[in-house]
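Enquirer: Protein chains in written order, with the working numbering: chain A, 127 to 219; chain B, 10 to 165; chain C, 1458 to 2208.
Treat the hints as calculated values from the structure; they're not laboratory data. Check the hints yourself; a few may be wrong.
To be verified - The calculated lysine to any residue pairs, modelled on SDA-like cross-linking and capped at a C-alpha distance of 25 Å, are: (1) A:K178 / C:A1536; (2) C:K1644 / A:E144; (3) C:K1767 / C:E1643; (4) C:K1741 / B:L43; (5) C:K1741 / C:S1516; (6) A:K168 / C:G1622; (7) C:K1865 / A:G187; (8) C:K1539 / A:A182; (9) C:K1865 / A:L188.
As the list claims (entries may be wrong) - Chain B stretches covered by chain C per the calculated footprint, using a threshold of three residues with CB under 8 Å from any CB of chain C: (10) 99 to 109; (11) 137 to 144.
Yeah, the Cβ is synthetic: ideal placement off N, Cα and C, and Gly gets one too.
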Amino acid sequence: MPIVAIPSLLRNLTNGEESITVSGTTIREVIDNLETRYPGMKARLCEDDRLKPGLAIYINGLLTRGSIRERVDADAEIHFLPAIGGGIAAPSH
Amino acid sequence: MARRSHVQTTINGETVEFLCEPRQSLLEVLRDELHLTGAKEGCNNGNCGACSVILDGRLVNSCLVLGVETEGKSVETIEGLAAPDKLHPIQDAFLENAALQCGICTPGFIMSAKALLDQNPNPTEHEVRYWLAGNLCRCTGYDKIVRAVLDAAAAE
Amino acid sequence: MLENKEHKVIGTRPIRHDGVDKVTGRALYGADFQAAGLLHGRVLRSPHAHARIISIDTSRAEALPGVKGVVTAKDIPDAGDKVADLGEGAVNLKYLCDNILASDKVLYKGHAVAAVAATNPHIAEEACTLIDVEYEVLPPVLEVRQAMEPDAPLLHEHIRTTSLGETAEEPSNVASHIQHKLGDPEKGFAEADIVVEREFITGTVHQGYIEPHNATAHYNADGQLTIWCSTQGAFTVREQVAEILQYPVSKIKVVPMEIGGGFGGKISVYIKPVAALLAKKTGKPVKVLMNRSEVFEGTGPTPASFIRVKMGATKEGKITAAEAYLAFEAGAYPGSPVGPGAMCIFAPYNIEHVIIDGYDVVVNKPKTAPYRAPGAPNAAFGSETVVDEIAEKLGIDPLEIRLLNAAKEGDRRADGPVHPRIGCIETVEAAKSHPHYTAPNGKKHHGRGVASGYWFNIGLESSVTINVNSDGTINLIEGSTDIGGTRASIAMQAAEVLGIPAESVNPSVVDTNSVGYTAVTGGSRTTYATGYAAYEAAQDVKRQMIARAAKLWEVDEANVQFADGEFSSINGKEEQISFRDLCGRLGETGGPIVGSGTVNPGGAGGAYATHVVDVAVDEETGKVDILRYTAVQDAGKAIHPSYVEGQIQGGAVQGIGWALNEEYIYNDEGTMTNASFLDYRMPTCLDLPMIDAVIVEVPNPGHPYGVRGVGEVPIVPPMAAIANAIYDAIGIRMTELPMSPDRLLKAMGKI
Ligand code: FES
Ligand code: FES
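Okay, chain A solo, but in the shape it has when bound (with noise of 0.2 Å):
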């Protein structure tokens, strides 16, 4: 199952923890069973169906491109960061 590294500032969702193994086969569903583990997680994530502006999804060290219809493997490791995009940090806002 994928392993997600969970971000500090969302580790008192997970009572510490800083990854998670769960299972899915896209970021959706990878983030829709962390929910139900650990309620409150996806809102810090998305935002309307998608991935909330200025985060960032990393699978095994690789940046994708932020769609959270990505797929994932059975063995990925994914990461959520700030987002970095063209020499530009991305807004925050």
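Got chain A sorted already, so can you dock chains B and C with the ligands onto it with the hints?
Expert: Below, chains B and C with the ligands without anything else, positioned relative to chain A:
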């Protein structure tokens, strides 16, 4: 609008006539009236050298010279440097040395270098750096520009 | 993915394709654009750093003969609460619009308020002085720590600090808080034999591109809007203008002219939408140019920052824990590069326990824009100085301590992801064995310093089309504006695939109607990603050509192979034809060949640099001279080594300027007092020695030729390297940038 004056001058060896307002700089005249846009505006106050041209054999910042001041004088710009089928050795040296990145400073540097080599054909590295200190380049760190000018001096 | 072959074109140094145009003055930059009936636009800017706009009266300006139109924020469609998706993450549209022309408040001196189009620039300038704006002046907030105080004047009443999706109750100038945490920092510090903690301040600095911003816009009668401009990304301009004007992208064509430097500063739009508004109002093409002080005061610099770094190590030099606090000035609207700063700060090291907090803070300065590895230089100034101090206190060579702790493949970055193959160790080793590092350096007041730096680089979208010519050349169509020789580095990758010389490629950078979507020239991505697209397009051509050869020889495609520019048949028939000759026979084998490649690669591969610098400190004047400079960098694979060296040298010199001279100097009212090239003192060639650029090649597995981005990381190490050299020279740790003569004299107790 102020009355425009008639000016006759020589640019790159050709006699040129133009009308200009007294407040227009040579840089404005070259670029906007004569469409010689090789001289660039980086600051319009004499600090960057992107507008360098040679006026009666002397290197000037064309943004600091008035158009009307060129009456009866001779102006050399980057457009006049290369022969139709052959680049000037300084131009070749800039290409060979990759002495330009964005290239906006390049015409100014080349005109500056020409003015230097016209009066000092064998400058030392320090002399090149001293002479070119009026030209800003933000891309290259100057290393390859200095080498290009030294190479051009050796080739000429 | 990596092609481990000998290369014919890659690694050579051909003359760049646009070279002759650029040395003869023929290349057309944005300001060089001319059109019949052209009007000239100028912008009126706020004299106040913080004020409410009570009213704007443009009637006197409109009455001036020669004036054809005046626009204010009222001419921009109402943004409401809309969030604009610029492909780079979302942006609050109102911020974007308000930064173009202020609607209710001005938030920095130089903030655009209105614009005029007239028959010549002088009339437009004069008309600007006839616009009457009534302001209610408010107290400015000019420094990040002041802005973070609970009772600081607020720039935006509605901003509340967000921390990864959670929003605070009270309004604040702190727009967001980010955090990365790895391991147990408390435990890590407990394991340390030595802990060093220092605070750092860095000033606001500008990219300093020599060409000011420019834009010419024209609306056709059918509503087609064309914008000619200098930009790092034509498609980015199209997107931003479309959002701001709420106009369909299909009705906007952006024509990228040559660009005179950007370094990140020509991604955001300023006057491009203004030119469009004026063009709409007047029905004529309108050219708007900025002057130099407008560039300083009205466009994004890179932020000033306050940084605290704490690091602990064992006696043996093993770093056990690191902590950083980064507060960055975003300028007038949220969006400082504190995120990348936090990602990069400890990236040259493998540290088990790390905590990094970053704050994005609005202040009454221009909205910051990216500048070469945005955020990383500020951060590295702190961390690399502290590492130096630890090494010194432990009596360990500063490069040795870096080797001892160097990040390598498989190590975890503080922000989470695991490093792929990286060249951190290789750059430190190359620096250590460089003759510069081993040369004696004993003179009084001379010092040597080193520092390392990291930048992650990015991928993003690129598209390339190749048209095959009958004479064996190809026309390569791309969308990446060429700021430093990328036509050559992209063309060379296509040439390598097709076995033709670089000179047989004619690269063109074209407008947004003529090539597939291509993201900005930025993030050190152009040679990597657009080069990758060129590689793919050339592969596409190769596949099609193989089919043509098969047709010509009436054999199966599987029986045709291509090597060294020659197609040959295998299995049976002995046939051979060169790429060039086959190009001449396209007509008889099926017609023209067009190859295309589009990419959006995720494996940009981070870049590391290690710099060594010797300085001399003049005790009388406090002036620091750079005596010798060596910059080592991992380029993955240098496609055109001369232009890689150029990036390294240019980046290092920008860093030298940042270290020693450059800063925005503000008075109490929030006016920049040095908004000219005379007073904002960038390095000239007389201030510098040659910059020895050393290329290390640790191939990036995320690119067929192993390319890593090279443009940004060279600006990361210089500030710390120079600070460390100054310490070596005079025994004083400088913690504030720039390390200008007055600050040195103060530190030495002389004033
Ligand atoms: S434009 Fe003339 S010196 Fe800068
Ligand atoms: S090459 Fe860009 S300013 Fe010199």
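Enquirer: Check each numbered hint against the structure and report the violated ones by number, ascending.
Expert: none
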